[in-house]
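**Student:** Protein chains in written order, with numbering that gives the first Met the number 0: chain W, 0 to 87; chain D, 0 to 490; chain C, 0 to 485.
Treat the hints as calculated values from the structure; they're not laboratory data. Among the hints, erroneous ones may be present.
What the hints assert, rightly or not - Some but not every residue of chain W turned toward chain D, in silico, with C-beta under 7 Å:
{"#": "1", "residue": "5"}
{"#": "2", "residue": "16"}
{"#": "3", "residue": "22"}
{"#": "4", "residue": "24"}
{"#": "5", "residue": "35"}
{"#": "6", "residue": "43"}
{"#": "7", "residue": "52"}
{"#": "8", "residue": "57"}
{"#": "9", "residue": "60"}
{"#": "10", "residue": "62"}
{"#": "11", "residue": "73"}
{"#": "12", "residue": "77"}
{"#": "13", "residue": "81"}
{"#": "14", "residue": "82"}
{"#": "15", "residue": "85"}
What the hints assert, rightly or not - Here are the simulated DSS-like cross-link-like pairs (lysine-lysine), alpha carbons at most 30 Å apart as the crow flies:
{"#": "16", "chain 1": "D", "residue 1": "140", "chain 2": "C", "residue 2": "412"}
{"#": "17", "chain 1": "D", "residue 1": "30", "chain 2": "W", "residue 2": "48"}
{"#": "18", "chain 1": "D", "residue 1": "470", "chain 2": "D", "residue 2": "203"}
{"#": "19", "chain 1": "W", "residue 1": "48", "chain 2": "D", "residue 2": "110"}
{"#": "20", "chain 1": "W", "residue 1": "48", "chain 2": "D", "residue 2": "203"}
{"#": "21", "chain 1": "D", "residue 1": "140", "chain 2": "C", "residue 2": "61"}
{"#": "22", "chain 1": "D", "residue 1": "30", "chain 2": "D", "residue 2": "140"}
{"#": "23", "chain 1": "D", "residue 1": "86", "chain 2": "W", "residue 2": "48"}
Note that this is a predicted model, so its numbers are computed, not measured. Just so it is clear, CB atoms sit at the ideal spot from N, CA and C, and this is done for glycine as well.
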Amino acid sequence: MANLAKLSLSEEEELMYTDQLGAILDHARDIMSLDTDDLLPTAHPLELKNVFRPDVETASLSREEVLSQAPASEDGRFLVPRILGEAP
Amino acid sequence: MADNSIPSDGVEGFLPGWEMVVGLEVHCELKTKTKLFCGCANSFGQEPNTNICPVCLGLPGSLPVINEQAVELAIRIGLSLNCTVDKSIFHRKNYFYPDMPKDYQVSQYEKAINENGILELPLSKKTVRIERAHIEEDTGKSVHVGGDGGRIHGADHSLVDYNRAGIPLVEIVSAPDLRSAEEAREYVTELRSILVASAASDGKMEEGSLRVDANVSVRRQGSEEFGTRCEIKNLNSLRSLTRAIGYEARRQVALIEAGERVVQQTRHWNEDQGITSAMRSKEEAYDYRYFPEPDLVPLEPSTEWISEIRTHIGLLPAARRERLTALFSDVSSGPVYDQIVTAVGLGLDDLVVGAAENGADPRLALARATNEVASDIGNLPRLTIEKFSDLIKLESQSKLSATQAKTVLGKMLESGADAAGVAKSLGFEALDSTVIEDLVDQVIGSSPKEWERFSSGEDQLAGFFVGQVMKLSKGKADGKIVTSLLRSKRS
Amino acid sequence: MGASVGLGASEIAELVRSKEISALEVAEEHLGLIESQDPNLNSFLQLASAAAIAAAKEVDAKIARGEDPGRLAGVPIALKDNLVTRGQTTTCASQILKGWKPPYSATVVERVSSAGAIAMGKTNLDEFAMGSSTENSSFGPTRNPYDLNRVPGGSSGGSAAAVAAKFAALALGSDTGGSIRQPAALCGIVGVKPTYGTVSRYGLIAFASSLDQVGPFARNVKDAALLLQVIAGHDSRDSTSLESPFPDLISHLDKGVRGLRVGIIEELIEGAAPMVGEALMASARSLSDQGAKVEHVSVPAVTYGLSAYYLIAPAEASSNLARYDGVRYGLRVDGQDMNETYVSTRTQGFGAEVKRRIMLGTFALSSGYYDAYYVKAQKVRTMIIDSFQNAYDRFDVLLSPTAPTTAFELGAKASDPLTMYLSDVCTIPTNLAGHPAMSVPYGLGENQMPIGIQILAPALGEVNMFRVAKAIENAAPTITKGLFWE
Ligand SMILES: [Mg+2]
Ligand SMILES: [Zn+2]
Chain W
0 MANLAKLSLS EEEELMYTDQ LGAILDHARD IMSLDTDDLL PTAHPLELKN
50 VFRPDVETAS LSREEVLSQA PASEDGRFLV PRILGEAP
Chain D
0 MADNSIPSDG VEGFLPGWEM VVGLEVHCEL KTKTKLFCGC ANSFGQEPNT
50 NICPVCLGLP GSLPVINEQA VELAIRIGLS LNCTVDKSIF HRKNYFYPDM
100 PKDYQVSQYE KAINENGILE LPLSKKTVRI ERAHIEEDTG KSVHVGGDGG
150 RIHGADHSLV DYNRAGIPLV EIVSAPDLRS AEEAREYVTE LRSILVASAA
200 SDGKMEEGSL RVDANVSVRR QGSEEFGTRC EIKNLNSLRS LTRAIGYEAR
250 RQVALIEAGE RVVQQTRHWN EDQGITSAMR SKEEAYDYRY FPEPDLVPLE
300 PSTEWISEIR THIGLLPAAR RERLTALFSD VSSGPVYDQI VTAVGLGLDD
350 LVVGAAENGA DPRLALARAT NEVASDIGNL PRLTIEKFSD LIKLESQSKL
400 SATQAKTVLG KMLESGADAA GVAKSLGFEA LDSTVIEDLV DQVIGSSPKE
450 WERFSSGEDQ LAGFFVGQVM KLSKGKADGK IVTSLLRSKR S
Chain C
0 MGASVGLGAS EIAELVRSKE ISALEVAEEH LGLIESQDPN LNSFLQLASA
50 AAIAAAKEVD AKIARGEDPG RLAGVPIALK DNLVTRGQTT TCASQILKGW
100 KPPYSATVVE RVSSAGAIAM GKTNLDEFAM GSSTENSSFG PTRNPYDLNR
150 VPGGSSGGSA AAVAAKFAAL ALGSDTGGSI RQPAALCGIV GVKPTYGTVS
200 RYGLIAFASS LDQVGPFARN VKDAALLLQV IAGHDSRDST SLESPFPDLI
250 SHLDKGVRGL RVGIIEELIE GAAPMVGEAL MASARSLSDQ GAKVEHVSVP
300 AVTYGLSAYY LIAPAEASSN LARYDGVRYG LRVDGQDMNE TYVSTRTQGF
350 GAEVKRRIML GTFALSSGYY DAYYVKAQKV RTMIIDSFQN AYDRFDVLLS
400 PTAPTTAFEL GAKASDPLTM YLSDVCTIPT NLAGHPAMSV PYGLGENQMP
450 IGIQILAPAL GEVNMFRVAK AIENAAPTIT KGLFWE
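Could you build the full structure based on these sequences and the hints that come with them?
**Tutor:** Structural data, given as structure tokens:
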């Protein structure tokens, strides 16, 4: 999990989280036994559909303003350390 | 260094006893004015990071809103591929990568807007099943600095440009129905024509608006089971596509024949070395943790909207081929049919049909279009149907020889001038038949032996006489007239 | 302390419009109080003094020119620091966003500014709004203005404390599982979570997108209604924003509750502290006295809210918080390569509670567990909606405690996340349903700390909800206890 979430945990933290997550998931047992076979999952409280915007151009941001917030940049681009693999 | 000379006609012939199985995923950039979820311009080749806003940069607090035109173009693609267009939702595909502003990609996963279509290949006459054509957002682009010539491996650091992030894509996924590199090429060519004809995409592979991933596996001829497949990512030309598929199939056969097993993996095509290699991705079986995108609501196009969109689709390649075929008698295959496929593939069919409507000879128009015009396709916009028709007429009326007509057409494409004007400026006024007859008589008189042989039936000497007349006329004589004069004088 | 401190939003706007007091005076008086007293409370993370003075002068200039200064003319407002403000540091109380200056402003921020409100600054919260006590802020906890040893609730604890302490007449917060209502209850003020889709989320830094909603804090029901009117309404930048026009709440406020059917949710009384339960029954009796029909009602599925919520919210959060990766903005802790940089940035940048929820959410979405946990929780969400629907077939609004207890001491629950999560047991079910709910103060309870009564309504039922809130407010015992600085 930590790897997927890009977090690293000390041994101590790992123990603590395992304990706490276990307790939370234990508590969630109350819903595991519920009969929900006839229910559809609710991903969203609204029943909206087809919300669109027109294909009309709006102003972009100033590159200087955006890059001023970047930890590192070069030649108008965001600079990142070397990437070890291609996108998965 | 690997062998580059891979035949493009599939496994048959270079790997006897084996069959390759190919399915393609084609990513196509949609021709909208703005991005999928924000109002930034959808344009290519801008200064880095100038087409960005809070939404496509994934800034905290920003939210996506779907571009209606992107949905319309996606539906056009679906309808053009005979898909079922139905309700769909968006999911998030979660993975960390610097060119992804939100570290998730918004894509359609469980339910795509277009499903279960087909695409007919014009030459091999094969039906390829389309599993789905779904909407998703493009990522940004990185350049790699330091190390070995801009490659990701060995680079010192990378620089990211998010102009492309959020450009609308449709990913068209075929079933594993293709059986050779040549079929794969034909599939992409035909698909590209369809995308261009429906005005959904500009189909420019060289600008990255069409990118292909190929799933390749092999199996013993006659086997019904699929082998383990490998996915080759990011093939961005037809040449790369056919070479990569050919190489990969052969690699897999070699592995199996050596008693080893093909490992399912994502592979990268190296154009220079002509080989595929396993991508260095840390987590090979990545868990994308797909879940419904809570910031968007479902798409549910009404039947009225779908019918309206249907009327916005231009004439598709199959119909275009039929339109051309109707100009000739019985050409469902053979060289003329091949020319028809080429003309439609290159978008030259309107020119040929227009010329025919203007009374020009369709066969000649088709030939000139698929040869001379095709070889200078960049200048096509300068050539009007009227000017092209005039040229074809001049040639068929023998006012220009074939050689002259080709030269004139070349100049017309360069300058946009009309046929008669170009012909005149080049001094290509066709000689009238009395002048030609004088020249024919002159040549007969100076070559009595040859004339005697020709008269006694050695037909192949016609070429000799035509050549001599051409020389004397400095190419202005019409070859057809010369031949008929020679024949009439012989009898 | 000046004359305007302690006045309500409606009163200030009225006085400013009629030039009896200038917006500048109001701003200066409130800023003065904050500067002298907030060091004890830590309700603000950033104070926007210069911008507030400039905005107040602009309101006064508009009035001098005879232009409409807006419905919130000169009213000091505090903004939770998970609402982005252009050019003004926005941190979500996280090290990972320390010093970030957004290039744009949230829709709600634009709306309150154009209504003439004066933004005083950004208020403290539990990091990324994950918590119930504001102790999870990486910039130190906020304290309760009625007792500095106690928590103000959370996650919008800074906004609630600032309004309760009279540092601002109004504040904006966000409510994902009770983050407006619970701190409002613990600080003795009014807090509202509107119907999902009523208020734009554009510029609200996402915690759990399908649950988050921005809402108002005020010291009285009418002011809360006024602020909600200003921020509600369709926003084309938020796909989940409702198009239907928002009703005029204020004109209905004093219509009374005669004939309204009010149900007391049985399942949510059981775990409440004795005085909290008594206050609930007293508020119900007062409604009955004013002509409402009050009965007990069972809404069985609400008891499953907590479990469903602690799978759905962390799942969405684990994805929403992926973007804090050290590439485009905020903190970067450099490693040998990109992957190491991701890991070190996020490991150092996020606090313990945020990491806990990211881990929990990553687990709930991971292959092999997705159906058993995430999809299951979504089905329970359907069950909760159905259960509420059954109740709303017979009742116009429902009542419950807002929180099971009054404000607890700092540190009391910090070591046990599950106990902390249980303090949201009454508020969470409405977020899962997307319904509106609000908290209204009702006297003092255990430890002489404020009690909040929660009023719940079906989707878009804000008019009835506010009528009941006003009726409870009319009957509520006044809070006699002084603020820490009084
Ligand atoms: Mg894809
Ligand atoms: Zn954009």
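**Student:** It remains to establish, for every hint, whether it holds in the given structure.
**Tutor:** Hint-by-hint comparison with the structure:
Interface restraint check: residue 5/W against chain D, minimum CB-CB distance 6 Å, threshold 7 Å, status holds. Proximity of residue 16/W to chain D is violated relative to the hint, the smallest CB-CB distance being about 18 Å (cut-off 7 Å). Look at residue 22/W: its Cβ only gets to about 23 Å from chain D, farther than 7 Å, so that hint breaks. The interface hint given for residue 24/W is broken, as the beta carbon of that residue sits about 17 Å from the closest beta carbon of chain D, more than 7 Å.
A cut of 7 Å between beta carbons decides the hint on residue 35/W: the least distance to chain D is about 17 Å, and the hint is violated. For the restraint placing residue 43/W at the interface with chain D, the shortest Cβ-Cβ distance is roughly 6 Å, inside the 7 Å limit, so the hint holds. The closest approach between the C-beta of residue 52/W and any C-beta of chain D is roughly 4 Å, which is under the 7 Å cut-off, so the hint is satisfied. Hint on residue 57/W holds. Least Cβ distance to chain D is approximately 3 Å, under the 7 Å limit.
Given the 7 Å rule on beta carbons, the hint for residue 60/W holds: about 5 Å separates it from the nearest Cβ of chain D. Using the Cβ-Cβ criterion of 7 Å, the hint placing residue 62/W at the interface with chain D is satisfied: the shortest such distance is roughly 5 Å. This hint holds: residue 73/W has a C-beta 6 Å from the nearest C-beta of chain D, less than the 7 Å allowed. A distance limit of 7 Å between C-beta atoms decides the matter here; for residue 77/W the minimum to chain D is near 4 Å, and the interface restraint holds.
Among the interface hints, the one on residue 81/W holds; its C-beta lies about 5 Å from the nearest C-beta in chain D, closer than the 7 Å criterion. Checking residue 82/W against chain D: minimum C-beta separation of about 5 Å stays under 7 Å; hint holds. Given the 7 Å rule on beta carbons, the hint for residue 85/W holds: about 5 Å separates it from the nearest Cβ of chain D. A C-alpha spacing of about 46 Å is found between residue 140/D and residue 412/C, which places the hinted pair above 30 Å, so the restraint is violated.
A distance of roughly 24 Å separates the Cα atoms of residue 30/D and residue 48/W; the hinted pair therefore holds under the 30 Å criterion. For the suggested pair residue 470/D and residue 203/D, the alpha carbons sit about 45 Å apart, so the restraint of at most 30 Å is broken. About 15 Å separates the Cα atoms of residue 48/W and residue 110/D, which keeps this hinted pair within 30 Å; it holds. Between residue 48/W and residue 203/D the CA atoms are separated by roughly 33 Å; this puts the pair beyond 30 Å, and the hint is violated.
For the proposed pair residue 140/D and residue 61/C, the alpha carbon gap of about 48 Å is over 30 Å, so the pair is violated. For the proposed pair residue 30/D and residue 140/D, the alpha carbon gap of about 19 Å is at most 30 Å, so the pair holds. Restraint check for residue 86/D and residue 48/W: the C-alpha separation of about 10 Å stays at or below 30 Å, so the hint holds.
In the structure shown, a violation is registered for the earlier hints numbered 2, 3, 4, 5, 16, 18, 20 and 21, in ascending order.
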